[in-house]
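*Asks:* Model the full structure from these sequences, guided by the hints.
Given next are the chains, with one letter for each unit.
Number of protein chains: 2
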Amino acid sequence: MNERTLVKNLAALPAGPVTIAGWVETVRDQKKVQFVILRDESGAVQVVNPATRELDPEGVSVGAAEALATTEAISALSHGSFIRVTGELKHDERVKLGGLEVKLTSLEVVSEANPETPIAADSSLDKRMDWRFLDLRNPKQALIFRIQTTFLHALRGVWVEKGLIEIQTPKLMASASESRAELFEVDYFEGKAYLAQSPQFFKQMAQAAGFGGIFEVGPAFRADPSFTSRHATEFTSVDTEISWIDSHEDVMALHEELMVAGFQAVVDAHGAAIAEHFGIELQVPSRPFPRIPLAEAKQIVADRGYVVPRADADMDPEGERQISAYVKEAFGHDFVFLTDYASSIRPFYHMRHEGDPSLTNSYDLIYNGVEISTGAQREHRVDVLVEQAREKGMDPEELEFYLDFFRYGVPPHGGFGMGLARVLMLMLGESSIRETTYLFRGPTRLLP
Amino acid sequence: MNERTLVKNLAALPAGPVTIAGWVETVRDQKKVQFVILRDESGAVQVVNPATRELDPEGVSVGAAEALATTEAISALSHGSFIRVTGELKHDERVKLGGLEVKLTSLEVVSEANPETPIAADSSLDKRMDWRFLDLRNPKQALIFRIQTTFLHALRGVWVEKGLIEIQTPKLMASASESRAELFEVDYFEGKAYLAQSPQFFKQMAQAAGFGGIFEVGPAFRADPSFTSRHATEFTSVDTEISWIDSHEDVMALHEELMVAGFQAVVDAHGAAIAEHFGIELQVPSRPFPRIPLAEAKQIVADRGYVVPRADADMDPEGERQISAYVKEAFGHDFVFLTDYASSIRPFYHMRHEGDPSLTNSYDLIYNGVEISTGAQREHRVDVLVEQAREKGMDPEELEFYLDFFRYGVPPHGGFGMGLARVLMLMLGESSIRETTYLFRGPTRLLP
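If you read the sequences in order, they're chains D and F. Under my numbering, the first residue of the first sequence carries the number 1, and numbering increases by one thereafter. Under my numbering, the first residue of the second sequence carries the number 1, and numbering increases by one thereafter.
In case anyone wonders, no lab produced these hints; they're calculated from the structure. Worth double-checking, as some hints may not be accurate.
As the list makes no split between identical chains, a pair holds if one copy fits it or if it spans any two.
[To be verified] With a straight-line Cα cutoff of 27 angstroms, these simulated DSSO-like cross-link-like pairs (lysine-lysine) come out:
(1) Lys-162 with Lys-140
(2) Lys-192 with Lys-392
(3) Lys-192 with Lys-127
(4) Lys-162 with Lys-8
(5) Lys-96 with Lys-140
(6) Lys-140 with Lys-127
(7) Lys-31 with Lys-90
(8) Lys-192 with Lys-96
(9) Lys-127 with Lys-90
*Replies:* Take a look at the structure:
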């Protein structure tokens with residue numbers, strides 16, 4: 001492998017020869033001196049080259065032809081081309097960019113970019129998505145995926161530490177796992193298959209299998225025709241499910257622990273970069289997160305002057321913003337668990353309160369005004385489950401394979417699913433999950 | 001959360017009261033004493049209960065009715081029911097199962113199993129797959145997914161340590177990423193989408209985006225109608241891609257490093273359990289893994305008496321077994337990189353040898369006789385790439401979005417994709433990836 005020094009590691013090196021490689025961010029081609037800002041995945045550095053504009057007519061100096069060629073090559077460099085530079089590292093605090101520069105001794109243009117640049121800093125989000133691979137060269141956009149990497153690795157660290165098992169559930173299913181309304185249909189040999197809307201059934205299967213606890217980070221699919229800032233037809237779902245719980249409270253406790261570990265790791269690794277690029281001083285949330293029963297939350301929101309205009313018992317996006325604002329004011333917290341959703345607005349597999357079947361052992365986690373997750377204790381008594389499925393208008397026949405999981409014993413269990421892109425969007429104050437999804441998929445977007 | 005002690009933690013506890021929870025593996029209901037083997041996700045332990053068969057006709061002893069009820073409950077326990085047991089832990093080296101037992105003081109039947117058991121130890125693989133959630137209660141089957149968890153976590157540790165970025169690439173695509181022949185078609189609103197056969201294009205996109213290096217563990221889909229022990233219509237693909245390589249040799253070096261880290265972690269955490277359940281003394285492979293150019297490998301195999309019956313330059317499964325056997329004999333190694341595959345049998349995006357376009361900068365990794373991975377340096381020069389696509393009968397128009405990645409500069413790069421279930425199958429000497437896939441998907445299997 002070609003030895004190259006990452007730009008972020010230059011500062012710690014003594015003055016001397018280095019090789020760096022990355023793409024051309026800018027060229028300042030002055031008469032006597034040329035400056036190239038070279039960026040790699042870790043940062044940017046100034047490369048400087050004294051210009052040789054013409055050969056001395058006496059033309060005897062060794063290397064003069066080469067110097068002229070290098071100068072001309074720099075003049076011709078297109079924005080975005082990938083180059084490899086060998087040169088002399090110099091520490092010079094007058095240089096604004098990191099207090100160092102590399103005086104060029106040799107330049108290799110590894111891959112030349114088309115000089116026309118299709119997007120600019122002020123391009124529309126949609127245009128930037130058309131050219132996502134160029135958009136992601138912006139260090140702010142790339143940082144999002146470094147943060148995501150750190151966040152996920154911290155979550156997995158917690159899960160592994162606790163002895164949970166990672167599973168990869170199938171995305172091809174014989175039937176719907178959630179609502180039939182938002183189901184993608186696949187031609188499957190002579191028949192049909194459907195894309196998993198969530199790993200719900202299969203993560204519950206692991207509890208029947210006696211796995212004790214599982215986690216999965218994987219894609220989920222919803223044939224949702226909406227164009228909001230929070231919905232996609234394909235998204236990364238962060239899922240976990242654990243056995244031997246008493247109630248959804250145990251799921252919330254695990255959820256908090258995961259979020260705290262994830263945020264701690266992100267603050268430690270990227271706190272300064274987040275402040276620089278997003279203007280946000282990210283804080284690690286304190287435990288416990290506030291918990292408010294949904295009915296109470298709706299009352300609080302109503303008292304603030306916003307009556308949720310819905311016929312059912314649910315919140316709406318404005319209600320979620322309002323309750324978040326209230327929690328921020330009252331408790332100084334960015335997160336709130338809304339608990340005990342009405343059975344009428346929850347899936348059939350949520351367990352209902354003992355003694356009050358109108359409410360479920362469930363919650364939504366709201367972060368900075370937006371729902372990022374739904375969790376619940378699951379109904380594990382098969383007779384109750386069948387009854388609840390029927391009540392929701394589902395055909396138990398179609399659910400036979402799922403109902404079987406419960407017929408041979410299953411411990412009490414629960415879990416949550418969380419939209420990864422939403423967490424990142426809200427953490428970084430972005431306006432859309434399009435910014436925090438590597439390649440967004442929506443009703444009219446399948447490219448690139 | 002109900003406090004319970006995991007069975008594996010009992011040995012380290014002093015004698016005294018404990019609560020354990022799991023499922024009933026066996027009941028031995030003797031006249032004077034009852035034994036229940038309780039298994040949880042960590043192990044199995046013997047629960048003992050002195051039987052109370054009838055109430056003393058004088059019937060005055062306190063608790064006798066309760067004792068009778070407990071005895072009857074144990075007699076009625078169905079295999080697989082989930083129970084919670086409180087009792088007195090006793091260390092007794094005469095007890096075969098771990099040298100300890102729990103003398104029952106109270107029993108709670110949490111979830112009763114249907115007494116009829118649909119599968120037995122000698123059930124066919126297909127039958128076991130029908131009842132996968134019961135099959136996975138077998139500690140040997142569950143161990144596979146603990147091993148997988150450890151393996152993946154170790155790989156991710158290496159990637160994160162190196163500063164690689166985790167990406168989640170879309171599985172919904174506008175066109176094929178590999179061959180059109182094995183493509184699943186999805187009804188996508190008014191149009192069509194296709195399921196990703198690999199993250200190939202999108203992991204290369206990250207290189208054009210200047211990410212430097214990425215990894216992904218996610219599903220891939222192939223509409224492959226075959227029924228071999230090594231093929232599935234949906235499988236978990238372990239993918240990585242890195243920039244600034246000199247050749248596929250750099251990819252192989254990373255590949256080795258990952259495998260060594262993964263195997264080391266598995267041996268450390270599960271070596272004894274693998275020996276117990278699979279009869280295998282798993283070894284950490286030594287670096288470097290042997291490398292043999294494909295043409296040479298075919299000659300070696302031919303010299304052993306097996307001429308690969310193929311018209312093209314490729315290996316076949318028997319050839320892979322033969323070359324593995326040779327490598328085991330000659331170098332004592334379970335892995336071998338077969339390198340420099342002919343361009344005619346490689347995808348258009350593999351880089352070809354400088355000076356000999358009939359060969360590619362590519363490899364397959366063979367483990368214990370079966371291919372587990374394909375890696376390569378990618379062609380990053382767009383004019384060459386278009387030429388190679390055309391030569392393979394592909395329509396560059398359909399690849400426009402992919403070709404764009406190369407038009408704005410891209411560093412030299414390469415990577416590999418590896419089938420996770422194959423690695424586990426070969427590591428554990430299993431006969432099919434059906435055993436090492438949580439829920440297998442094939443042409444005739446979408447359930448459970």
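*Asks:* Taking the earlier hints as the rules, which of them does this structure contradict?
*Replies:* Hints 8, 9 are the ones this structure does not satisfy, whereas the remaining hints hold.
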